[in-house]
Structure formats: C-alpha cells, structure tokens
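A.B. asks: Protein sequence lines, in the order shown, are assigned to chains A and B. In terms of my numbering, the first sequence opens at residue 1 and continues consecutively. In terms of my numbering, the second sequence opens at residue 1001 and continues consecutively.
Watch out, some of these pointers could steer you wrong.
[Claimed, not checked] Cross-link-like lysine-lysine pairs, in silico, DSS-like; alpha carbons within 30 Å at most:
#1 A:6 to B:1174
#2 A:248 to B:1132
#3 A:101 to B:1174
#4 A:6 to A:101
#5 A:248 to B:1095
#6 A:13 to B:1095
#7 A:13 to B:1132
#8 B:1132 to A:6
#9 B:1309 to B:1220
#10 B:1019 to A:6
#11 B:1220 to A:101
#12 B:1132 to A:101
[As the list claims (entries may be wrong)] Which stretches of chain A does chain B cover? Using the computed rule of at least three CB atoms under 8 Å from a CB of chain B, they are:
#13 22 to 35
#14 79 to 90
#15 94 to 107
[Claimed, not checked] With beta-carbon atoms standing in for the labels, derived distance ranges:
#16 B:1080 to A:98: 17 to 27 Å
#17 A:16 to B:1220: 40 to 50 Å
#18 A:75 to B:1132: 35 to 45 Å
#19 B:1272 to A:86: 51 to 61 Å
#20 A:142 to B:1157: 46 to 56 Å
Derived from the structure by calculation, the hints contain no laboratory data. Glycine residues also receive a C-beta, built at the ideal position from the N, C-alpha and C atoms.
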Amino acid sequence: MLASIKVIQTTAKQQLQYRTAVFAGLVTNIAWGIFRYYLINAFFSESPSINGFTQSAAQTYVPLTQGLMVFLNTFGSMEISQAVRQGDVAVSLLRPMSFLKYWMSYYAGKSFINLLLRSILLLLVFHLLFPIGTPATPLQFFFFLVSLTLSWLISHLWIIVINLSAFWVTDATGVLRMVFAIQQLLTGMLFPLRILPNWFQEIVRFTPFPSMLNTPIEIFTNIVGGAELTFMVLQQLVWVGLLYVGVKRVYRAGIHQLEINGG
Amino acid sequence: MKGTGLLNAIIQVDNIVKKFRGRSSLFRKLSIPETIAVDHISFVVPAGEFVGYLGPNGAGKSTTIKMLAGLLVPTSGSIHVNGLVPWRDRTRYVKQIGVVFGQRSTLWWDLPLIDSLELIRHMYDVPLARYKDNLQFFSRLLDLDEFLLQPVRTLSLGQRMRAELSAALLFDPKILFLDEPTIGLDIVAKDRIRTFLADINQRRETTIILTTHDLSDVEKLCRSIMIIDHGQIVYGGSLAGLAERVGGSTTMIVDVVEEPVDFCFFGVNKVTITNRRLALEFLPQNVNVGDLITAISQAYTIRDIEFKKPSIESIVMEIYGEAR
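Chain A extracted, bound-state conformation:
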C-alpha cells in the first residue's frame, strides 16, 4: 500500500515536470471545447431535445467531457505496450510489486495532476464563459463522484488489457490506434450516446465503453436517476470486476509466453 502511494507521488511529481506540456494541453482543450460547444448548440437549435437529451444538458456535456478526458485518459495510452516491445517489461518483473498495482498507481499519479491542472481549470474557464448545469441534488452529485471513480478504473483497466496485446503482436501501435479511435464514438466522447440511433445504443450498451465516460456524464446532467442510475452504476461495478480478472489473466498468459519464448 505504502509503495503504491509512493508510486502515485513519484508519477505526480514527474507529471509536474512537464508544466509546459500541461499548459499547452489545457489551451488546446479549451479551444476545442469552445468549438464543440458552438457545434453542438447549432445541432440542437432545430429541436431543443433529441431522444430526451436536452440542449442545456448538451451545453454541460461539452465542458464536462472536454475537461474529464485527460483525467479518464479517453484517448488511451501506449506506454505499457512500448515497455513490452522494448523489453523494459523485464524491469517491471524484477520489481517486488505487482504489475497491475504498479501501473494503476502510475496512472493515478498522472490523472491526479491532470485533474487539478487540466480538468478543474478547464471547467472553471467554461464556467466563466458559458452557463454550466449542475446535478439536481447532493445525492445526484455523490453518485456522479462514485460513477466517475468507477469510470476511471474501467478506462485504465481497459487501457492496460489492450496494451498487453503487445506480448503477441510485434508492433501493437496499429491495433491500439484503431481501438482508441473507435472508442471515441463508443464512450460518448464524440456525441452524447443518447442522440445516436436506438439500435446503435442497444449494441453499445453491452460493451464496457459507455461505462468509461457516458455514465457519469448522464448522471451529472440529470438525464438518469432512480432505478436506471442504480442499474448503470451496478453495470460499471460489473465491468470493473470483469476487467480486473481479464487483466490478471491476460498478463499471466503474456508473462508465461515471455518466460518460454523470451522477449
């Protein structure tokens, strides 16, 4: 436990070394956010509600997704697959700390700094420029925080599990790029999932992707509540469990193959 906290601390400290990059990222995020804001506004100007998703929810949806995407790592990360490819995974095998614990702590440190310096700052800037809605009740806000935490876990467990494909594919970059691109649509980063065709929503519902971003957004914008909210959060919990087992299994298989065939 203590070691995990130290990894989180160290990664956070490292992330702070890249202040210029963090600042540049923030500026880019804000610029794109403003662009997306006007785009979605134009989209809703004809009808104030599509499939139960209102224009005011859409106006909150943009800064929220824009702010949380670095925290949740919606665009993915290729660090682990590179470590596997370059053989640096040997270094992690020589550490007396589990692979999963190490990388989750690593991402936690990074996300913590990104939350402070990018997510929160971006939301503040948007708050000054445009009206942003808030959860209807403190309980709703509490559920948002719970759901957001689960989203963080699901998103990062997913990143780890697909990065592990590098154990079998010589250069996993292509695979990862494709997955991360498709993910933009399926998580609700590109459009709110609700405004997409029903048949599409029905399919996506059975994947972990909405649980990575769409769920906490719908809670924050008061689109879901009651039984539906509870069901969605439970679904997130199930995905955390499944992905946790999945990562462990895939990692073990990858290491087994490394032990037998070398790096």
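Here the structure of chain A is known, so what remains is to put chain B in place on it, guided by the hints.
C.D. replies: Below, chain B without anything else, positioned relative to chain A:
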C-alpha cells in the same frame, strides 16, 4: 567453482536446457528452426564468490542470466538460488537480487535521482536507518552527492551507471547480477566502478555474477570464471587455471653478449635464436625459472631478460576457437 562444498552454495544450477521454439511456415523462407540457447549446463556458485561469466555474442550468456533472474523458465533442469526457484516465487525472490543491465535503466528519466532511490526504498521496504546508511556509503564510494538532485536524463554515462549500481544495491541484495556494467565507459569511470564492486563483494559478501566482454574487468575482479560457448560451459575454474588449461606457454627472451650457437634445457619446448637473442618457450609449471637462468648464465653473459605471458585475451580467444 568445482568441488566446492555444497553447504554454502548460493546458486545451484542442475542440467538446465533452454530451447527457443522455432516457427514453421508454409513458406520455407519464413520458417525459423528451433534453437538451443543453453545446452545442459550445471554449476554451483558458493556464497560470496565473484564470478566472471564470459562467452562470445550469442553463446547463451544472457539466456543464463535471464533464467537466474527468473525472467525465463528453462525447458528442463532446475535452478535454486538462495533456496528459491527464481521464476516461481518472483515477488519474494526479486527482493534478494540486484540486477543491472548495462543497456536498460530502472531509473526515472525526468526526475532527480533521489526520487528513484526513495521509491526503491518504499518498494523494497528498506528501513529508513538502513537506507540512510547505504546512501551514505554509496555517496562516499561513488560520489553520488554530485548528482543526487539532478534529473537522471542529465547524467553522464558513468554517473548513470554509478546511479544504477546504487539503485540495485540499496536494499542489500544477497546476489548481484551485472550484465556488461562497464560498457562504453572511459578508463577512469571503469576503474571507479571496479573498485566499488570489489569493495561490495568483500565487505558485504555480496555474491556477484558479472558478464562482460571487457576481459580486464574479469582480470581485476573475478576469482573464478565460467566460459560458455554454443550453449555449453567450456571452462569453469580460476583465472590461473585457465592459462594452464589452454597450455598457455611463457616465453622468456634473453639478450646475451655472445652470439649463441645452441641451447637446451629440460622442459623448454622451443628455442629460437636470432641475432644474440634467445627466445625460450615453456610451460610455467614444467620449468624452474631460477635454474633456467642459472643455466643460461653459465653458458653466456646475460644483458637483459624479458618475460612474455599469454594475455587473457589470447587465452579466451583460444577457448572460443576450440569449441568451434
């Protein structure tokens, strides 16, 4: 290495084989045949030993080290290090070994060195007092203070290697595996690292296994050596024994005042006479050099004597050649 009592053996390797699976393909050109990287190797390393592990590129050196570190599992045979099977109980095992790969880094590139060391302290549960002692000790021997607060990416190669060694030894491992630690270093940096390693080996009785292509590392540091070629151990023993094994003969060159006609001495295998100079080749174990000089001085007036011993390079080259 051989014949050492098994009681204090820290590393015990029995008959290990490591095969790498080939790949068969419909297209012949794409098929890769199965390779045997390590072919029935056995050895024992007593605690506190400093072993040099040599071999040409592709001989199976790295494969052996990786198996000892638990990164590879042998196809057959067994390895016990300090009573543990390296790849089975990995988390417990890695706390007892320090590993430095000359070409890889365990340090955080963009952070001051001290941050990496602090993290290691937490990962390995090193008590604070012990950590401070060690840090002080390394600072004295390796001048870590100079660059402890500098980001690792700004360190010179020599400084980085000193940092890597400190990181690998911070938690007092019983065994240290070094894979070409002096690669690319200048003479001063090399010498400093050698002095440090000798010190660690003596004072802390850390068992050290060193692979290198730099034979002067071996000459200065290792009490015993192992040479591997084509997956098999072709020599295991002391450095002195190596010369004997190859039949490395000494050449004594004697300059004399007179023009020598002929010279014979029991045990001297070859005598070459050129222009008032005698070159005598013999095996050091067969000839008493004192008697030999006396014999020459009775026949001629000696002006100068010079000995030429076979260099370790030439001996090792010969061993590599033999196995081919």
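A.B. asks: The structure should be examined with respect to each hint, and the outcome stated for every one.
C.D. replies: Structure-based check of each hint:
Proposed proximity of residue 6 (chain A) and residue 1174 (chain B) is supported: the alpha carbons are some 25 Å apart, at most 30 Å. Note on residue 248 (chain A) and residue 1132 (chain B): the hinted pairing is violated, with a Cα-Cα distance of about 36 Å set against a maximum of 30 Å. With a C-alpha separation of about 26 Å, the suggested pair residue 101 (chain A) and residue 1174 (chain B) falls inside the 30 Å cut-off, and the hint holds. Taken as a hint, the residue 6 (chain A) and residue 101 (chain A) pair is honoured in the structure, with Cα atoms around 12 Å apart against an allowance of 30 Å.
Proximity of residue 248 (chain A) to residue 1095 (chain B) is assessed by CA-CA distance (about 22 Å); at most 30 Å being required, the pair is judged to hold. Note on residue 13 (chain A) and residue 1095 (chain B): the hinted pairing holds, with a Cα-Cα distance of about 26 Å set against a maximum of 30 Å. Distance check on the hinted pair: residue 13 (chain A) and residue 1132 (chain B) sit about 22 Å apart at the alpha-carbon level, within 30 Å; holds. Simply put, residue 1132 (chain B) and residue 6 (chain A) have alpha-carbon atoms about 18 Å apart, close enough for the 30 Å limit, and the pair holds.
Between residue 1309 (chain B) and residue 1220 (chain B) the alpha-carbon distance is near 17 Å, which keeps this suggested pair within the 30 Å criterion. For the given pair, residue 1019 (chain B) sits about 40 Å from residue 6 (chain A) by alpha-carbon distance, which is inconsistent with the 30 Å threshold. With a CA separation close to 42 Å, the supplied pair residue 1220 (chain B) and residue 101 (chain A) exceeds the 30 Å bound. A threshold of 30 Å between alpha carbons decides the hint, and for residue 1132 (chain B) with residue 101 (chain A) the separation of about 27 Å falls inside it, so the pair holds.
Closer than 8 Å: that is the beta-carbon criterion, and the stretch 22 to 35 of chain A has 0 residues meeting it against chain B, so the requirement of 3 is violated. Counting residues of the stretch 79 to 90 of chain A whose CB lies closer than 8 Å to any CB of chain B gives 3, which reaches the minimum of 3, so the coverage claim holds. Figure legend: the stretch 94 to 107 of chain A, annotated as covered by chain B; annotation consistent (5 residues with Cβ-Cβ distances under 8 Å, at least 3 required). The hint said 17 to 27 Å for the Cβ distance between residue 1080 (chain B) and residue 98 (chain A), and at roughly 24 Å that hint holds.
Against the hinted window of 40 to 50 Å, the Cβ-Cβ separation of residue 16 (chain A) and residue 1220 (chain B) comes to about 43 Å, which satisfies the hint. At about 42 Å, the CB distance of residue 75 (chain A) to residue 1132 (chain B) agrees with the hint of 35 to 45 Å. Restraint check, residue 1272 (chain B) to residue 86 (chain A): a C-beta distance of roughly 55 Å satisfies the suggested window 51 to 61 Å. Checked against the hint of 46 to 56 Å, the pair residue 142 (chain A) and residue 1157 (chain B) passes, with Cβ atoms roughly 54 Å apart.
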